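Chemist: Next come the chains, spelled out residue by residue.
There are 2 protein chains.
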Amino acid sequence: MQLLEEKIRREGRVLGTEVLKVDNFLNHQVDPELMAAMGREFAQLFADKGITKVMTVESSGIAPAVFTALELQVPMVFARKKKSLTLTDDNYTADVYSFTKQETNHIIVDKRFISSNDKVLLIDDFLANGQAVQGMMEILDAADADLVGVGIVIEKTFQKGRELLDEKGIHVESLARISAFEDGQVVFAD
Amino acid sequence: MQLLEEKIRREGRVLGTEVLKVDNFLNHQVDPELMAAMGREFAQLFADKGITKVMTVESSGIAPAVFTALELQVPMVFARKKKSLTLTDDNYTADVYSFTKQETNHIIVDKRFISSNDKVLLIDDFLANGQAVQGMMEILDAADADLVGVGIVIEKTFQKGRELLDEKGIHVESLARISAFEDGQVVFAD
Numbered sequence: 001m002q003l004l005e006e007k008i009r010r011e012g013r014v015l016g017t018e019v020l021k022v023d024n025f026l027n028h029q030v031d032p033e034l035m036a037a038m039g040r041e042f043a044q045l046f047a048d049k050g051i052t053k054v055m056t057v058e059s060s061g062i063a064p065a066v067f068t069a070l071e072l073q074v075p076m077v078f079a080r081k082k083k084s085l086t087l088t089d090d091n092y093t094a095d096v097y098s099f100t101k102q103e104t105n106h107i108i109v110d111k112r113f114i115s116s117n118d119k120v121l122l123i124d125d126f127l128a129n130g131q132a133v134q135g136m137m138e139i140l141d142a143a144d145a146d147l148v149g150v151g152i153v154i155e156k157t158f159q160k161g162r163e164l165l166d167e168k169g170i171h172v173e174s175l176a177r178i179s180a181f182e183d184g185q186v187v188f189a190d
Numbered sequence: 001m002q003l004l005e006e007k008i009r010r011e012g013r014v015l016g017t018e019v020l021k022v023d024n025f026l027n028h029q030v031d032p033e034l035m036a037a038m039g040r041e042f043a044q045l046f047a048d049k050g051i052t053k054v055m056t057v058e059s060s061g062i063a064p065a066v067f068t069a070l071e072l073q074v075p076m077v078f079a080r081k082k083k084s085l086t087l088t089d090d091n092y093t094a095d096v097y098s099f100t101k102q103e104t105n106h107i108i109v110d111k112r113f114i115s116s117n118d119k120v121l122l123i124d125d126f127l128a129n130g131q132a133v134q135g136m137m138e139i140l141d142a143a144d145a146d147l148v149g150v151g152i153v154i155e156k157t158f159q160k161g162r163e164l165l166d167e168k169g170i171h172v173e174s175l176a177r178i179s180a181f182e183d184g185q186v187v188f189a190d
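Protein sequences, first through last, are from chains X and V.
Quick note on full-length UniProt numbering: the first sequence kicks off at 1 and runs consecutively.
Quick note on full-length UniProt numbering: the second sequence kicks off at 1 and runs consecutively.
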């Protein structure tokens, strides 16, 4: 997505060889026009799939996910992140390990909001090692819901998340694909 | 706002005499059409005020705030919530006490995203005791930014938040005002 790549080039900040900060338009300050454009793009990429729900994890996934859901005219569900869990029968949960923070969080979705009748599109801001997406997939499995596909704002192709999803035959669409950071600059994949 | 009041009557769940659960359309599952309508409403209520930024706190404020920002054609900033703080010169912080959870969280905004040139509209999902809004106001004070007003999705008029803001002469607009819960039913203020 041209608009997003330009924004990343202009406003993204590369830290070292693995980290891209996009907190001035995506995950702290948010550019609403860009979010709306991304929602239209995701909706088009996954059109005619009979999607009944868009799902993401709080907080950075919420803005792109809600605009995608608006375009698809379906509800959006965001999983809650928790450090500790009180297990009840009311929720689906999964563990999500963060390589960056080197800690495990839990994600939680109320059973009322995902059912075996749902065809779900997962949206997330980053795809790196794929832990958050895999956690959401566990929840869909537990709910016996169908995974239609995964929409990612920024994919880092040099980390293992994309490969893990490709191996499972999952339909993944990323709006920007980054193959490397060189001399503080972003290199986009073809 | 008629649409919101009807949604609350139809889908809100009253727990005891103080709690309204709206997790099926606002703060876990999200109705994107309703969020878009609320964004248009807030933008209209605070039109012609020269707003430069919309600010909220993660996570439940993000959806209404981003649609408001889209309508006003300005960026949205969401404050991050943290249990513990590493103080640095890069951030504004404030403490927010939760009466429900009986614990203090910190909210954090990067200094790059709020400046003394900003005229800020605060958006939040609930106004009860006003702690989150007051935390955001502390951050605006520290940044020497102007507070233009406060937009609330659901106000509970019987808790002290509204009074605290009225005393300070702040322009508050709430899309639904609840004066009581009686026999498990919501009573709206006139």
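In case anyone wonders, no lab produced these hints; they're calculated from the structure.
Please note that the accuracy of each hint is not assured.
Below 25 angstroms or equal to it, Euclidean Cα-Cα: the simulated PhoX-like pairs (lysine-lysine) are [unchecked claim]:
#, chain 1, residue 1, chain 2, residue 2
1, V, Lys21, X, Lys81
2, X, Lys82, V, Lys82
3, X, Lys83, V, Lys21
Ranges of calculated distance between the beta carbons of each label pair, as one might list FRET restraints [to be verified]:
#, chain 1, residue 1, chain 2, residue 2, range
4, V, Glu33, X, Lys21, 27 to 35 angstroms
5, X, Ala180, V, Glu167, 49 to 57 angstroms
6, X, Phe188, V, Gly16, 51 to 59 angstroms
7, V, Lys168, X, Lys49, 43 to 51 angstroms
Quick caveat, the model's predicted, so the values are computed rather than measured.
We treat Cβ as the ideally placed atom computed from N, Cα and C, and that holds for glycine.
Chemist: Hints first: check each against the structure and report whether it holds.
Modeler: Hint check:
Taking the CA atoms of V:Lys21 and X:Lys81, the gap is near 18 angstroms; set against the 25 angstroms cutoff, the hint holds. A hinted pair counts as satisfied when its Cα atoms are at most 25 angstroms apart, and X:Lys82 with V:Lys82 qualifies at roughly 12 angstroms. Among the hinted pairs, X:Lys83 with V:Lys21 is consistent with the structure: their alpha-carbon atoms are about 22 angstroms apart, no more than 25 angstroms. Checking the proposed 27 to 35 angstroms range against V:Glu33 and X:Lys21 shows it holds: the Cβ atoms sit about 33 angstroms from each other.
The given range of 49 to 57 angstroms is respected by X:Ala180 and V:Glu167, whose C-beta atoms sit roughly 56 angstroms from each other. Between X:Phe188 and V:Gly16 the beta carbons are some 53 angstroms apart, a value that agrees with the proposed interval 51 to 59 angstroms. Remark: the range hint 43 to 51 angstroms for V:Lys168 to X:Lys49 is upheld by a beta-carbon distance near 50 angstroms.
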